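Peer 1: Residues per chain are reported as follows:
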Amino acid sequence: MVSSSNRLVFGVSILLFLCLAIFPWFGLPVYFVSLLFTVFMFVTLATSWNLIGGYAGYLSFGHVAFFGIGAYTTALMMKGLHLSPFWTILSSIPAGFVAMLIAMIVGYPCLRLRGPYFAVVTLCFAFVVDLGIKNLDILGGPEGLWLKSPDLPIETIRAILFEAMLVTMMLSIMLAYWTSRSKFGAGLRAIKEDEEVAQTMAINAPRLKIQAFALSAFFPGMAGGIYAYYLTYIHTDIVFDMMISILIVLMALFGGGGTVMGPVIGAVLLTLINEGLSTFVKAEFARIIYGCLFIGVIIFLPNGIMEFFKKEHRVESGISLAENGGNRSAA
Amino acid sequence: HPAYAEDKPIVIGGSLPLTGKFAETAKWIEKGMKFWADEVNAKGGILGRKVEFIIYDDESDAKKAVTFAEKAITVDKVDLLFGGYPGTAARAVMPVAEKHKYVYVSMGGHMKSFQQGYTYSFGGPPLMGEWWYEGFFQYMKAMPADQRPKRAAVYTMNNPIGASASSTLAGWLQKLGIEMVINEKYNLPLPDATPLIVKSKQMNTDILFSNGFFADGVMTLRAAKALDYRPKVIVQAIGSVIPAWVKELGKDGDYIFSGTALHNKLNYPGNDKLNAYIKKKFGLPGYPVYFGFGYAWMQTLSQGVEGAKSLDQTKIRDWLKSNTVNNIAGPMSFDEKGLPAPINFCTQIINGQVELIWPKEVRTAEPVYPRPAWK
Amino acid sequence: MLKGTNITKRFGGLVALSEVDFEVQRKEIVGLIGPNGSGKTTLFNVISGLFKPESGQITFEGAPINGLPPHKIARMGIGRTFQIVRPLMDLSLIQNVAIAVMYGRQDINTLQPALERASELLKFTSLNDKAHILPGQLALEDRKRLEVARALASKPEIILLDEVFAGLNQKEIEGAIELTFRIRDEFGVTVFMIEHVMKAIMGTCSRVMALHNGIKIADGDPESVANDPKVIRAYLGAGYAGR
Amino acid sequence: MLAVNDLEVHYQELRALRGVSLEVTQADLVALIGSNGAGKTTLLNTISGLIPAVKGQVSWRGNSILGFSADAICQEGIIQVPEGRKLFSKMTVGENLEMGAYLPTARAYIAENLQMVFDIFPRLAERRKQLAGSLSGGEQQMVAVARAIMARPQLLMLDEPSLGLAPVMAADIFQVVEDLNQRGITILLISQEVLHTLTIATYAYVLENGKVTLDGTAQHLLDDPRIKESYLGL
Amino acid sequence: MGSVYALLGIGFSLSWGVMKVINISHAAFGLIAAFLAYTLLQAWGLDPILSIAVSVPLLFFAACFIYRFLITPITQAKEVIVSSMILTFGIAIILENLMLLIWSPDPRVLTTSYTSKVIIVGPFYFQYPRLAGFLMASMGVGIIQFFLKLTYTGKAVRAAWQQPDAAQLYGVNLKRISMITFGLAVASAGAGGVCMAYLYSFEPHTHSLWLIYLFLVVIVGGVGNVLGAASAGLIIGVITGLSLAFLPYQWVNLLTFGLLMIILILRPQGLFQSEV
Ligand SMILES: Nc1ncnc2c1ncn2[C@@H]1O[C@H](COP(=O)(O)OP(=O)(O)OP(=O)(O)O)[C@@H](O)[C@H]1O
Ligand SMILES: Nc1ncnc2c1ncn2[C@@H]1O[C@H](COP(=O)(O)OP(=O)(O)OP(=O)(O)O)[C@@H](O)[C@H]1O
Ligand SMILES: [Mg+2]
Ligand SMILES: [Mg+2]
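Chains A, B, C, D and E supply the protein sequences, listed in that same order.
Take 45 as the starting number for the first sequence in our numbering and just add one per residue.
Take -3 as the starting number for the second sequence in our numbering and just add one per residue.
Take -6 as the starting number for the third sequence in our numbering and just add one per residue.
Take 396 as the starting number for the fourth sequence in our numbering and just add one per residue.
Take 79 as the starting number for the fifth sequence in our numbering and just add one per residue.
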């Protein structure tokens, strides 16, 4: 039963991936390619965040830092090494690693903090990186960095970036999927529930947390690298925008933290709805409707949208560690 | 062209930060643009076609400004792209406009944006940080050397606008024999301005450059008053150009020097009309700067269209590069970077009015110098 | 196999453990009794690494373990239950146990075999019919048995049981005594248990230690400890009639 | 004074109580025994208003109180010492006791009651300023009982008060329960220490699988072979 | 500055520590009070301090209403903290844009006769508005601390959220208590907002800036710890003050955040043990 459902998931994903992959080559307006690109980016960010935030329960409010670090790494590499624009996409991979490395370094002391303290220390971290770059002229300082874009039609550039982001997103989702059914993910969930108990269950909590944090920084780093190239103008106000941090968290939780599909659904819905609203309604009212959306959904589905699908999960929860169980009753 | 007259309206699209951090200014720009459109439509439109806007709200997020620019260009297939605000958004949109080959008339932010080799971007007029104090220093230069201030304190917010505004300061100060005693940057938000003023006071500076936005500008000014710091001159970058400065600060806001790229008392055609409208509609004595910007950018763009007699972006660009545009900021012809000749107006707030004091030909009031004591 | 010498643990001014020595031999069932607040749970917390003692040395199979992080100690083969039960609330019983299996000392790293193993353990603790519900729906005694199953899941050498008999009636205690013996005999696990139910202590333990105000006041076979006047005064009470 | 009639309580599909009836008369010490999972806690929580009933009746001094909120039932003088203590763990012992006397009726007697409680549990007087969460298990149980006494109960319901207590302490708790009963407080006591419970109780009910299977005077039940067999292990 | 953030932060801390509700819209409520103060000052010349008499009750009732209809449904969620964050984020967006509609995006400044007065003590300068803010904040902190620690209702608040069942068993009306708490928390934000408005200019968007600072203050002080938040506010104020005096200004904000990070890492529970 498990393996057959696995095969189904696998098949559907491949199909979806292919459909998405050919999307930019139909000559649709570039905007749609860019929009989906943005959606993929947020899916990547939210899904990665979910590793540390959703599974391990460590709400990182500084994830934008990894995104920004990725963007700056790519941009600086491109400027410093005079990379031709095509290498830039590949240079997002080292950008991911830089983000991951930094995550390990800051994760080490920060992950000893719990709950809100962790949230704030990561928030501070993001500010420190942001302000640091702003103050250092060698990194572009307050001016920001300009990148060269290749001599190709805009459609081609967008399509290439689209594919790059698509692959990044797929990889991050695959990582999330693997996590949800692996020993690793199970350990993280135990840590989320009760770290002390997890430790007495022989779970090496400090190491697992660092691993989760580092992994959750890798794809944002890559996404940042690709995004740098999409934007061609990088500024701390843009790539270290606190709003991104907050959005990532909200998207993941809105969809349902600690589930594979939750962050995906959250990111897709929120990005598209927000974009759609700004198109059709007067600005202030659009925002008010957007606000009502959060309230409406959370009142009816306090644990995120994934809860809506939970009926089926309840049956399965016995055989898989994948998704959350039911409501917690009064203990 | 009778065939045109029956045509669909000309659609002009893009985004403005209608909500979020920059909403205040963007709303004025939007009003300026709309006023322009009403006026044009009343006269029968451009090329015989009416004009119409699609304005998206980018929520003060430069990333969104980019996607909305692409949306306007590729989905709505707008005929013209309108200019963006603030500088970071304009910077991010410029490469997009270039790639899509759309003429983009905006504030641009500062010189660096125009040095990236973009051919479709114009500052018409630009809000050019590097030129901001040009007029002020010209005025200082014309003053007898012994009357000039001697010691300068410079505080600059650490962002592109602050950086560009302060970039020419050192050179000018040296030229005028003013010693730059303090030169500090600060990151926004400024938590407290008291220490800045204490330091300026201790160092006996007699000219204060406050290169900041509204919030930090107000704090600096209030701290100066509270500590009774009396420099001969206080110069403000951006903070003092919005109507709220005069409205909220009243008397305390007086005597601030600043620069501008256009002004409601300039003797160029159109300004009177705008002022009359603003007075009637909003009860303000003259139109706010950003209202003027919104209007002027549209003027530039439409003159390009009318000059090129076509909506072909490249033709519009080429026309703009080789002809002179007349907008409310005066006549301007654009160089290869898309910039007009440096603009060097200097303003001072006197009795709650933003007066032009330099160049001398356009002066609307005598400058108050040195600054009188606080009331 | 587990040996502690001279252990002292303070909370601020309060001395919870004062120079306590103890030793547990392989395959023993050792009882730990003492009045409420005498430091029993604290001792378990010190052994399992949740508290760092101010002084003293603990060795397991000859290797010092004090100062090691809890997961390393667990990994070496010391399992435990919590007196105030702490199930992972959002995971079903079988998931609770399966995670412990995967991280435990047997070589099971994938989900399916872990769930199978977990299911066996739940059967062992008579929880198999509740395998798929959440711990929040359990009555207290069931939660305690869940603690036991989870502790056994990591295949420990020794298990520290903190009052798993509490709340059982006399009849049920008999069942629990049997379970304790089976833990030792079927799993080959040494048992070190805190208990207030004297019937259980007398029925299972080969040796009993008594703590009072953090000081060890008795150590020996159950009979002699139960008749020790110090123990009677501090713990059993004069009215104790072999309940 | 408390009468439960044909009470039925469900947890989703599980029928925890299936038609329970019992009665507690003024000044009685009624014991409720039953193996684990029988539904004893559920019954107490239903009486206290924490859990809704599917059907049945709970009446107090002749008036139905079923459907009252928990705080309203508390005002009626029905006080529970919950299973698992449920202390306010980040408040001090003293504050926990004060919370027991939260209702204005009890607040008036706070000093007097505090004195009584400290007489019964001198250890709590020592630990007055300590956070309740850092107490040992037994100490916490004492706080829980003490807190209930502070509420000046007319009916005191105790859910396994001797759980996790040292034998000497357990004996003390039973002594306290007996004393309280002697002072005129009506008591409904759940305990697994069946022998001891039945020796101090006046009347007892046996709950099995959500049903009352046996009831009678305590003495009567002590002699019942079924009790001997399944609860006393004799 | 510190004490004012503390006053703004207390309510935030209260609803977080006591009720597990992270109220993202907290600062937005404060901002509403600031706008009200502004409007009353402009229209009738009412002193902003007096405007608190209007805005605080108003916010209290609005908050009770919100609690009753929006927060109650999510108290059953698995993780109230998480759900409440999303919910109140929505509220914050709505409030911000309502303010945009009502008051327009123009920045405002509270100017009173004493705005620019200053007291000089040795090398230190205290501006009147700052002093007023400080005094009001201290009073607010005192009142709330008194409420929680010494009044029965306050204790019930703390009890109710540690052990809701047990609190009910001892006569605490959970719904009412929670509503009052939330109401108080938001009302204190009102007072805090007015204090903030003395010091800084504000526009409808400003609340997000305030929010970040009060988040810092609350956590560094220890969640649920009223005095902690107050002290943390002071500490942050002192750090900025001192570093402004000794460092290039450019590095002040960075230093503040960096130091906060270090403080947190060294004292994992915040500077002061969390309470409630
Ligand atoms: N984290 C802590 N902080 C402060 N004091 C503590 C802490 N943990 C335990 N104590 C104190 O240490 C003493 C010993 O507690 P411990 O829990 O070890 O008792 P115990 O013997 O297990 O009692 P019981 O049989 O009631 O469970 C008690 O007085 C308790 O109040
Ligand atoms: N919140 C809940 N949700 C679902 N089922 C529950 C819940 N609480 C208890 N149950 C179930 O209801 C039944 C009766 O439980 P209850 O706690 O009333 O038993 P009890 O007689 O008090 O037992 P014990 O001696 O263990 O305390 C048990 O089967 C238990 O698993
Ligand atoms: Mg114990
Ligand atoms: Mg029970």
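Wrong hints could be hidden among the right ones.
Derived pair list, reagent style SDA-like, types lysine to any residue, alpha-carbon separation capped at 25 Å [claimed, not checked]:
{"no.": "1", "chain 1": "B", "residue 1": "73", "chain 2": "A", "residue 2": "75"}
{"no.": "2", "chain 1": "D", "residue 1": "623", "chain 2": "C", "residue 2": "65"}
{"no.": "3", "chain 1": "E", "residue 1": "156", "chain 2": "A", "residue 2": "75"}
{"no.": "4", "chain 1": "E", "residue 1": "98", "chain 2": "D", "residue 2": "529"}
{"no.": "5", "chain 1": "D", "residue 1": "450", "chain 2": "E", "residue 2": "243"}
{"no.": "6", "chain 1": "E", "residue 1": "227", "chain 2": "D", "residue 2": "520"}
{"no.": "7", "chain 1": "B", "residue 1": "243", "chain 2": "E", "residue 2": "227"}
{"no.": "8", "chain 1": "C", "residue 1": "192", "chain 2": "D", "residue 2": "403"}
{"no.": "9", "chain 1": "B", "residue 1": "247", "chain 2": "E", "residue 2": "156"}
{"no.": "10", "chain 1": "E", "residue 1": "156", "chain 2": "A", "residue 2": "349"}
{"no.": "11", "chain 1": "C", "residue 1": "192", "chain 2": "D", "residue 2": "410"}
{"no.": "12", "chain 1": "B", "residue 1": "243", "chain 2": "E", "residue 2": "98"}
{"no.": "13", "chain 1": "C", "residue 1": "192", "chain 2": "D", "residue 2": "625"}
{"no.": "14", "chain 1": "B", "residue 1": "73", "chain 2": "A", "residue 2": "73"}
{"no.": "15", "chain 1": "C", "residue 1": "65", "chain 2": "A", "residue 2": "152"}
{"no.": "16", "chain 1": "E", "residue 1": "156", "chain 2": "D", "residue 2": "625"}
{"no.": "17", "chain 1": "E", "residue 1": "156", "chain 2": "A", "residue 2": "125"}
{"no.": "18", "chain 1": "E", "residue 1": "156", "chain 2": "D", "residue 2": "406"}
{"no.": "19", "chain 1": "D", "residue 1": "524", "chain 2": "E", "residue 2": "243"}
{"no.": "20", "chain 1": "E", "residue 1": "156", "chain 2": "D", "residue 2": "447"}
{"no.": "21", "chain 1": "C", "residue 1": "116", "chain 2": "D", "residue 2": "410"}
{"no.": "22", "chain 1": "E", "residue 1": "195", "chain 2": "B", "residue 2": "251"}
{"no.": "23", "chain 1": "B", "residue 1": "17", "chain 2": "E", "residue 2": "124"}
Cβ-to-Cβ under 7 Å is the rule here; a few derived chain A residues that face chain C [unchecked claim]:
{"no.": "24", "residue": "124"}
{"no.": "25", "residue": "245"}
{"no.": "26", "residue": "247"}
{"no.": "27", "residue": "248"}
The set of hints was computed from the structure by calculation and includes no laboratory data.
Small disclaimer: the values here were computed from a predicted structure and weren't measured.
From the three backbone atoms N, C-alpha and C, an ideal C-beta is built for every residue, glycine too.
Peer 1: Checking one constraint from the list: CA of residue 156 (chain E) to CA of residue 406 (chain D), max 25 Å. Satisfied?
Peer 2: holds, 18 Å
Peer 1: Given the proposed pairing of residue 156 (chain E) with residue 625 (chain D), does the C-alpha separation stay at or below 25 Å?
Peer 2: violated, 40 Å
Peer 1: Can you verify the interface hint for residue 247 (chain A): is its Cβ closer than 7 Å to any Cβ in chain C?
Peer 2: holds, 5 Å
Peer 1: Have a go at the residue 248 (chain A) hint: is there a Cβ in chain C nearer than 7 Å to its own Cβ?
Peer 2: holds, 5 Å
Peer 1: Measure nothing beyond the straight line between the CA atoms of residue 73 (chain B) and residue 73 (chain A); if it is 25 Å or shorter, mark the hint as holding.
Peer 2: OK: residue 73 (chain B) and residue 73 (chain A) at ~9 Å, within 25 Å.
Peer 1: Given the hinted pair residue 192 (chain C) and residue 410 (chain D), is their alpha-carbon gap at most 25 Å?
Peer 2: It is violated: about 33 Å lies between the C-alpha atoms, which goes past 25 Å.
Peer 1: Holds or violated: residue 156 (chain E) and residue 75 (chain A), Cα atoms, limit 25 Å.
Peer 2: violated, 39 Å
Peer 1: Check the hint pairing residue 450 (chain D) with residue 243 (chain E) against an upper bound of 25 Å on the C-alpha distance.
Peer 2: holds, 22 Å
Peer 1: Within 25 Å, alpha carbon to alpha carbon, are residue 192 (chain C) and residue 403 (chain D)?
Peer 2: violated, 36 Å
Peer 1: Would the pair residue 116 (chain C) and residue 410 (chain D) pass a check requiring their Cα atoms to be no farther apart than 25 Å?
Peer 2: holds, 23 Å
Peer 1: Would the pair residue 195 (chain E) and residue 251 (chain B) pass a check requiring their Cα atoms to be no farther apart than 25 Å?
Peer 2: Holds: residue 195 (chain E) and residue 251 (chain B) sit about 20 Å apart, inside 25 Å.
Peer 1: Given the hinted pair residue 156 (chain E) and residue 349 (chain A), is their alpha-carbon gap at most 25 Å?
Peer 2: Holds. Residue 156 (chain E) to residue 349 (chain A) sits at ~13 Å (cutoff 25 Å).
In summary, the structure is inconsistent with hints 2, 3, 7, 8, 9, 11, 12, 16, 17, 23, 24 from the numbered list given earlier, while agreeing with the others.
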